[in-house]
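Student: Letter by letter, the chains look like this.
Number of protein chains: 2
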Amino acid sequence: MITCSHRLEVLALPGMPLVAPGDDVPALVARALSGAGVSLADGDVLVVTSKILSRAEGRFVELPRVEPSARATELAREVNKDPRAVELILRESTAISRRAPGVLVVRHRLGFVVANAGIDSSNAVPPDARPGSGPWALLLPEAPDASAAAIRAKLEAESRARVGIVISDSFGRPFRLGTVGTAIGVSGLPPLWDRRGEPDLFGRALETTVTALADQVAAVADLVAGQAAERRPVVLVRGLGFAPSDRGAGALLRPAAEDLYA
Amino acid sequence: MITCSHRLEVLALPGMPLVAPGDDVPALVARALSGAGVSLADGDVLVVTSKILSRAEGRFVELPRVEPSARATELAREVNKDPRAVELILRESTAISRRAPGVLVVRHRLGFVVANAGIDSSNAVPPDARPGSGPWALLLPEAPDASAAAIRAKLEAESRARVGIVISDSFGRPFRLGTVGTAIGVSGLPPLWDRRGEPDLFGRALETTVTALADQVAAVADLVAGQAAERRPVVLVRGLGFAPSDRGAGALLRPAAEDLYA
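Residue numbers (our numbering), protein chains in the order written: chain E, 1 to 262; chain R, 1 to 262.
Check each hint, because a few of them may be wrong.
Stated by the list, open to error - One-sided and incomplete, this derived list gives chain E residues near chain R with beta-carbon spacing under 8 Å:
id	residue
1	H6
2	V38
3	L63
4	V105
5	H108
6	P131
7	R176
8	T211
9	D215
10	V220
11	G250
12	R254
13	A257
14	Y261
Calculated from the structure, these hints are not laboratory results. Ideal Cβ placement from N, Cα and C applies to all residues, glycine included.
Start from the sequences, fold in the hints, and give me the full structure.
Tutor: Pasting the structure below:
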């Protein structure tokens with residue numbers, strides 16, 4: 001059950017360092033919270049940008065070390081992209097949704113549909129990179145739901161508050177321009193808020209009223225994290241009311257059989 | 001230019017009445033602000049749910065008064081919907097994007113792709129409805145950008161602050177479940193935040209960094225307005241920094257020629 005709030009506070013936490021491979025993200029988030037003087041309360045949600053998990057997991061790949069397959073080479077020619085980048089996209093994907101010059105939209109192995117398998121080449125240089133190395137790419141984290149659960153476990157043990165964690169990434173969309181914050185990992189917060197069957201103002205059952213709660217929370221965080229999200233990779237959203245949930249971000253995926261577009 | 005904020009406050013305004021045909025929405029919003037003791041500041045954004053504009057504009061339609069065309073009747077049989085509802089959807093649309101049992105996704109005359117042309121049958125009963133009348137449908141407002149501009153003009157004249165207005169609706173999405181708040185009218189706030197060319201942390205130009213600012217602001221508001229959005233149809237978002245813009249919500253639409261899905 002979710003009690004809709006009338007007021008939210010959204011705060012980008014100061015004090016997060018630039019994350020390096022091997023770093024303990026749950027501990028870094030806990031430290032940033034205490035450094036900012038924030039005591040977590042029941043119902044607080046922390047939105048963590050996927051990029052710091054990718055960095056902590058060492059998901060950097062140096063493109064010159066990637067050997068493109070014959071399929072990647074052919075596809076790269078077709079869409080006019082670097083064959084090594086296409087090879088990485090194919091390795092991270094289960095299917096191609098759309099291809100066009102400069103564009104490869106795929107179904108990621110985690111289930112969502114995203115351009116270029118969510119692989120980033122901004123801020124993608126590892127801290128120990130040799131001078132002159134690269135170009136580098138940064139893959140999405142291995143298991144964002146599990147990372148969300150680990151951060152939640154750490155923060156709940158330290159604070160005794162029941163919180164929600166969203167791992168976010170910026171996704172483009174069909175039909176519309178611009179990216180929006182999107183949930184790729186969730187723990188604690190219900191990913192969907194299902195109000196079907198509740199009466200409307202006139203006693204008639206509400207119709208299309210399943211809200212993508214975790215995606216909207218990711219969008220809020222994107223507004224304060226900015227694009228250079230590594231500088232403010234953790235955002236506190238305070239004021240949502242919800243009962244704890246153990247559903248992951250897969251709950252937000254439309255089953256392929258019901259998808260008229262993928 | 002947009003200065004990304006570290007902190008946002010999001011507040012659903014109390015004191016909005018149930019809006020009726022002929023009501024002056026800009027005046028009602030101004031009154032709710034002063035009733036709540038809110039003095040607008042530069043950079044404040046007000047998100048107004050499309051439904052109160054539809055109600056003020058009297059966009060109610062009683063289904064028994066709709067005469068379905070031959071095309072609507074045939075299409076209704078194909079997708080198993082009420083032919084009168086299909087007739088309304090076709091009148092509000094310029095093209096059909098997808099059809100399936102129970103589903104009609106169209107390009108709305110305002111340009112966006114949306115299920116059922118955004119026509120709502122929850123909370124759709126006009127205040128002066130005869131007992132036993134209906135069922136009723138409520139069409140999207142006529143010109144949301146113009147409505148946003150009118151609300152902005154009224155509030156800026158009264159407050160001397162430079163503000164942004166977003167007219168929002170809840171849209172479903174391909175690929176993902178659940179609805180998200182989406183901007184269908186914009187004034188003052190830049191619909192898109194274009195940061196291409198800015199350097200990342202390592203001095204490399206950022207790549208895909210056009211953010212759908214107005215859509216994300218609409219998503220924030222949806223979190224506090226809830227689905228029964230008529231009860232809290234106006235949400236204040238304070239803390240974004242932006243330079244005034246005169247672009248409307250059309251800036252958020254992907255040109256049909258570049259759309260791989262529509």
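Student: Is the interface hint satisfied for H6(E)? The criterion is a beta-carbon contact with chain R at less than 8 Å.
Tutor: It holds, given that the least Cβ distance between H6(E) and chain R is near 5 Å, below 8 Å.
Student: With a cut-off of 8 Å on the beta carbons, see whether R254(E) makes it to chain R.
Tutor: Because about 5 Å separates R254(E) from the closest Cβ in chain R, which is inside the 8 Å limit, the hint holds.
Student: Can the hint on L63(E) be confirmed by a CB-to-CB distance to chain R that is less than 8 Å?
Tutor: violated, 14 Å
Student: Holds or violated: is the Cβ of H108(E) closer than 8 Å to a Cβ in chain R?
Tutor: violated, 11 Å
Student: Verify the interface restraint on V105(E): the C-beta must sit less than 8 Å from at least one C-beta of chain R.
Tutor: holds, 7 Å
Student: Taking the closest Cβ pair, is P131(E) under 8 Å from chain R?
Tutor: Since the shortest Cβ distance to chain R is 12 Å, the answer is violated.
Student: Quick check on the hint: A257(E) CB to chain R CB, less than 8 Å?
Tutor: violated, 11 Å
Student: Close enough to count: is the Cβ of R176(E) nearer than 8 Å to one in chain R?
Tutor: holds, 5 Å
Student: Would the stated hint for V38(E) survive a check requiring a Cβ distance to chain R of less than 8 Å?
Tutor: violated, 12 Å
Student: Mind checking the CB of V220(E) against every CB in chain R and telling me if the closest is under 8 Å?
Tutor: V220(E) check passes; min Cβ-Cβ to chain R is 5 Å, inside 8 Å.
Student: Once the shortest beta carbon distance from G250(E) to chain R is found, is it less than 8 Å?
Tutor: violated, 10 Å
Student: Would you settle whether the hint for D215(E) is holds or violated, based on the nearest Cβ-Cβ distance to chain R being less than 8 Å?
Tutor: holds, 6 Å
In this structure, the earlier hints numbered 2, 3, 5, 6, 11, 13 are contradicted, and the remaining ones agree with it.
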